[in-house]
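J.: This is what each chain is made of:
2 protein chains.
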Amino acid sequence: MVRQGGATAWAEFDFPARYPIVFKDFFRFTDGDRAPMARYVYFFADGKAEGSSRLRSLLGGKGCEIAEMTNLGIPVPPGFTITTEAWAEYDRTGHRAPEALWPEVLDGIARLEGVTGAKLGGASRPLLVSVRSGARVSMPGMMETVLNLGLNDVTVEALAAWTGNERFALDCYRRFITMFGDVVLGIERRDFDERLDAVKRHLGARTDPEVPPAELRKLIQGYKAVVAERAGRPFPQDPPEQLRLAITAVFDSWYAKRAVEYRRIHGIPADWGTAVTVMSMVFGNLGETSGTGVAFTRDPGTGERRFYGEFLVNAQGEDVVAGIRTPEPITALRESMPGVYDELVAIKERLEVHYRDMQDLEFTVQEGKLFLLQTRSGKRTAAAAVRVAVEMLHEGLIDQDTALLRVEPARLNDLLHDVFDESDKAAAIADGRLLAKGLPAAPRAAVGQVVFDADRAVEWAKGGKRVILVRAETSPEDVAGMWAADGILTSRGGLTSHAAVVARGMGKCGVVGAGDIAVDEERHVFEVGGFVVREGDKISVDGHTGEVVRDEVKLIEPSISGELEEFLGWADAARILGVRANADTPEDARKARELGAEGIGLVRTEHMFFDKERIPIVRAMIMAADKKSRAEALAQLLPFQRDDFVGIFRAMDGLPVTIRLLDPPLHEFLPRYTELLEEYVRLDARGINPDRADELKREMATVGALQEANPMLGHRGCRLGVTFPEIYEMQVRAIMEAACEVARASGHVEPEIMIPLTGTVGEMTLTHAMARRVADAVIAETGVTVGYSIGTMIEVPRAALIADQIARYAEFFSFGTNDLTQMTFGYSRDDVGKFLPYYLDKGLVPHDPFSVLDQEGVGELIRIGIERGRRTRPELKIGICGEHGGEPESVEFCHRVRMSYVSCSPFMIPIARLAAAQALIKERKASRGDKR
Amino acid sequence: MVRQGGATAWAEFDFPARYPIVFKDFFRFTDGDRAPMARYVYFFADGKAEGSSRLRSLLGGKGCEIAEMTNLGIPVPPGFTITTEAWAEYDRTGHRAPEALWPEVLDGIARLEGVTGAKLGGASRPLLVSVRSGARVSMPGMMETVLNLGLNDVTVEALAAWTGNERFALDCYRRFITMFGDVVLGIERRDFDERLDAVKRHLGARTDPEVPPAELRKLIQGYKAVVAERAGRPFPQDPPEQLRLAITAVFDSWYAKRAVEYRRIHGIPADWGTAVTVMSMVFGNLGETSGTGVAFTRDPGTGERRFYGEFLVNAQGEDVVAGIRTPEPITALRESMPGVYDELVAIKERLEVHYRDMQDLEFTVQEGKLFLLQTRSGKRTAAAAVRVAVEMLHEGLIDQDTALLRVEPARLNDLLHDVFDESDKAAAIADGRLLAKGLPAAPRAAVGQVVFDADRAVEWAKGGKRVILVRAETSPEDVAGMWAADGILTSRGGLTSHAAVVARGMGKCGVVGAGDIAVDEERHVFEVGGFVVREGDKISVDGHTGEVVRDEVKLIEPSISGELEEFLGWADAARILGVRANADTPEDARKARELGAEGIGLVRTEHMFFDKERIPIVRAMIMAADKKSRAEALAQLLPFQRDDFVGIFRAMDGLPVTIRLLDPPLHEFLPRYTELLEEYVRLDARGINPDRADELKREMATVGALQEANPMLGHRGCRLGVTFPEIYEMQVRAIMEAACEVARASGHVEPEIMIPLTGTVGEMTLTHAMARRVADAVIAETGVTVGYSIGTMIEVPRAALIADQIARYAEFFSFGTNDLTQMTFGYSRDDVGKFLPYYLDKGLVPHDPFSVLDQEGVGELIRIGIERGRRTRPELKIGICGEHGGEPESVEFCHRVRMSYVSCSPFMIPIARLAAAQALIKERKASRGDKR
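Protein sequences, first through last, are from chains A and B.
Read left to right, the first sequence gives residues 1 to 932 (our numbering).
Read left to right, the second sequence gives residues 1 to 932 (our numbering).
Derived from the structure by calculation, the hints contain no laboratory data.
There is no bait here: all hints are sound.
Same chains, same label: a pair holds when it works inside one copy or across any pair of copies.
Here are the simulated DSS-like pairs of lysine-lysine, each with C-alpha atoms no more than 27 Å apart in a straight line:
id, residue 1, residue 2
1, 437, 627
2, 462, 554
3, 842, 628
This one's a predicted model, so the numbers in the text were calculated from it and none came from an experiment.
With the rest of the complex left out, here is chain A (with noise of 0.2 Å):
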């Protein structure tokens, strides 16, 4: 019936006599896809539409793709479509409609009863409409609808007479003025389903159709007097009225909390707004030959090429969300509509090959007539994602940049981990188990015992136990036990706090931040909600949403398939960008290079210092009285940190090695002053043990005169390293002759010493001529020659600003974001809970800075630091070093600012890959002028 590639009039269509879609060949627009001037309403019908994909902003998503498929010929019931303009100018004004626009959409509607025949508010043949939102992408379930409209006490009567069908026009009318009353008044929809129970209870029916229509006249009664009392108004009976209230409620959805959370998760602005679509009623409610659909041109779950879908039989849209009835799955219609079905396959086919995408259809049957409501690009999983991009290149669909551009980065996470069934997860949530919300930290999930502390966490997990440490916060102590243990939970800390941080890197399951948990570290219980938690029980900790679940949810293995493979290989072809990891241990590296890592970009050597062997010895170096002790202390770490070193070069077989000397204040390495103070308070107020009280008090004059008001911007870093040069010495030495080591063994070895916090040229200068001196000592000493190459970190807003002269010693850079994003925005990243959920609520700052890059503000630093290092030395190379190595967005601004590389965790490296390819095909489109 539907004409391939041809219009087909509505006219040509054999409507029902029953329900009247009469369209005449009405109106000839002009061609093009914009009408002649500009205006606030769009019609479509009869094969023909101002408007199409292309106006996509301005008709929003369903609004164009209707306007498409209206001019493929596809059948789409008719209507119009109210513009964003109209939108932002009810923004601007305060929430006023702009003047022109009512004239407007009356016109349409005018229109809209010449193509059908039909009249709003009209006493023989009414018109009905459905009121859609429609904003530029897809926001499912944020924004309303209202269906049926134009129906009042006259026109349900017409309805009835004309369709011959009472009961139809009854249960019309009532699922409008509920919808109506929750959409446009405010009202609870709870108050009207209410009373439709009580009457099915009355009646011992079981489904909405076996209530008779004398039962329905009575609840329509009932309905309105609700709307009266709730709404302090009668229900409008004048149904341009209704109409009016309608766009305007759509308008107003856009301003529900809801919709602004959704927005503010999805970075979408808020000043796009949203469209409207008025569009003739059709019904899948008028029997057993009516029904509604949705379907996927591919399986969305898989990705495999499968017609998938659902369908119900004599129902409209609205049952199917509901959830009350079952869908059969659509190859069901092929039996009971062999027409339909096939007609539906055809249309499929054929927008599949025109928007060449995986494509996601509503329809309706309204008496054996197939209609198409909406068509999108349909959402899949990441492994869909992955194996439609692979499919539709072999089928010649798309091409490489096409495919490549097809897979949001950040979901190759899902392919390489753990996932919860999310259907289990969604039974537990609604079986009341979600004990808490956090932060989502690192994006994985993890099942496991509780435990409390980190000797626990290791015990356990040795015997074969799957664990989640839950703390206040961590430190560094707590290393070996977030190792051990599969999930991180902490009640403290933002998403770069201590746990967040070395959970990514661990590329474990964490969520801190969850501020509502009370955790009793001594009692070895966390109570949340008057619910007590204790060592032992089983919790779900969702890393991707921050969700906290009792007891077990369902995990899902993770496939990795061959298509993500080839699909990696492509991503690597197509970028110039390099992706390195950030990685401590030989472990980690190898991890690394199997993921695709071309380098280390940061090895933190301070994490080799927490071993539980060697922070005595640390300890001993940081209290030691004089230089004399201190260098006998360091001497007796040196053998270790070489021995590190050279387990990460012969992993890295000659790939570039970053090592950034010490970084963190030396208090970091020893215990916590009032841990102490307490201990020594108690002892002295006891007056027993007076050994470990001056013990203690010796200890304490230690710590105390290290302590700093704010260690962030204290003696750390490059500040370290020249107020206690043999520390670094130490550090480089230890480099040198691993590398002199694995050199002489393999001759690969491609190490990069790295200064950390440098803010002065003089700092600059004076580690660059130490480093160089051990280096090349060490060279001399052992004979072998090592190319070595010394640069810094830029993470000190000033670096950036004199990177002119930085530059002159340095032979490369690396931003570490972290630090830098702290200094440039003055937020301590350990104390930045206290207001950035606050700032993220109000939309004050559009993500955490710590997780996607400022590009305005931080980002113009790097901007600054990279076009005034490369002024003074052209080659240098440049990465990035700090959290935002592995996220998307970030990628793209690094790669569009001529990084040399990203670093980022070796999990994460996948999505860089991808992203980093992503920036240039983006930039290759952008500079040939296309639109995407």
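Given chain A, work out where chain B should sit, using these hints.
T.: Relative to chain A, chain B alone:
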């Protein structure tokens, strides 16, 4: 004898027969300042010099002025100057003199021999020379000099024969060995002096001249033995060798520790280096008609126009310096050598007119003949500087711009406060009374009795005692005690610690971070180097130098002269940069106006919260469990704040007043966690007073929840205002109610509401809208129309980077350079004491960036912020309100980047006024291409 206005040939002088300075008309130079080709040696003799004042950077201060005087025909012994370029080459090549230098020096010596008729190392008429250092600027006492060079075992006899004065010749030789041994060979002077003292003791001689020739001969043998032993080589007998070694030693003295330290303090670049002047010796120790002296063309203490100086008969310069004998006043010379005196007066008049500045002269009289050895701009007290400048202008010697440039702005400090009697302080230090040296935090002098807590300070001060408050560090709770005290001394903290900032703000004397002092606040003592100072003991604290001296040092009252007022009046007329004050109280505001403030650039509202009466309300506000009880507490605070603002507005009588909304984190108003913990653990351990323990537990919970890892980067500034809008609303209401009240009475008020710590546009939009809403509401309520503006501090690097966006809402900017410095460098001002002293010492930073604005880094952000801010809002009012607003170099910077005003502590205002004038004058001169 000296012919004014013309060249005087050396040959015309009537030289004594016994010391054969025979100058011949030997050379004729080409005209001009530079000899025809670049070289290392510049000769002067015979009324004609290669070089002049204009070659200061090449010839050093001493060398160029000797050339200038030579050209003026003033009697100067002939010689030559080795340029700083020779030193620069020496420096560049790792301490190797340039090859061309030595031949040029030998040539210079040959020319000198030609002029004088004497010969270096000559066995009959030996040439003796002095070898003197001379940097571009005077570094008094820092660099080395060798006199009497050319003497050896042979020439000493020749000199004795030639002068007919054996004792003189031997004494010169003795002195030469001592000086050469000390300066060139690094032998301690004491090693020689001990032997001389022994001889004098043995002979019962009181003065050197009493030692007879025979004993001097023995002494010389002994000195040579000392050299052989200590230096491991015999005393060099070859005069050219002596000269080569002496020149090298003078070069090397640039690197001496004390010289490095001096340069660091005075901001002298390390690469300037020194010139070396080799000059024929003249002798003031040839008997009663010989002598040596120093003189100033005006009184350097008061500026009075009278000839001022000292003269020592029969002595060499080193005797004056050594202070062994007491010199006579210069006027005594009128009696003893009237001819010499008249000649000297004529020369001094001529030099003052020539240089148009007060001169400091060195001269020697050799048997009735006058020789000038040096002239330079005379050092003077601040009072003298002002008086000389004012009087020279009245005398028509200089113009107003020159007069204004003649006074170093920072030195005006001395005119507004008591200063120590320097000789009394020197005596006290010589007496071993120096207790410690800390950081000079607030430049005042104070003498008082030591107290260890604020209450005692208040109590004793009320009783009329002058007190010095000594604390490990201060906190806001000490403020009342600091106000009561004359001086503040702390053992911890840097130049921008709480103690330092508050002391400066209050115009108190402050020395901080005196690390040698161990303060025991419980026992009310401090200990330093084994010495114990108890409560009530007197100490003297010098905030200019950081010195802490036991007991009382005499103070000199300041005399504020009419000249200063006249002088500052010129400054006001000569500047375009506004000067405002940082003031938190009506008293401060009045003081600021007295000192010339044109408005208040910063009222810190939080200082009003620390008042005893208010702090409990503030704490109740913070501890408030809900919005309602917080609102109640805020309502109680409102009248206090309003009254404060009324007082300030009245004091400023219509001048603009910028009021910053609450800035510090809330926990600053609460007790410290460790204190609470300590008390709690004690109570808990003893099981006593469970009620107090419970209370403490609650307090600890609140304080603990507010604690921050890095409070400087935490929940403060407008972050508080955004999350607790009711606080800012109360403050804006208090400001505007006060403004309306004052406006109703007088009509004059100009409030500027300032949002602190803005970093995002969102913060600015939100707080701006809030402030406008509240302000307009108050205006509507009171019916008084008050013009007000709303602006922001720029203190977060990001704010400077997005200043174009912030300026859309901000009507003014004020750069908070304290925080901006912290964040741009990543230095916590509270912790910087751990490494900054080391950095300053190593020259890694030229200044403490919290004292002197870092123009390269922080200044770059300021430039960016101003440029971008004014791009959006060209008329944007821009100021600075950090600690830098009263520092002259920083004020000059603020002028250059076209800020509207600087704001500083009231006592810094005269400094800022002068610095602002100088900035414009310098700029005009530079744009005219003037050389300064």
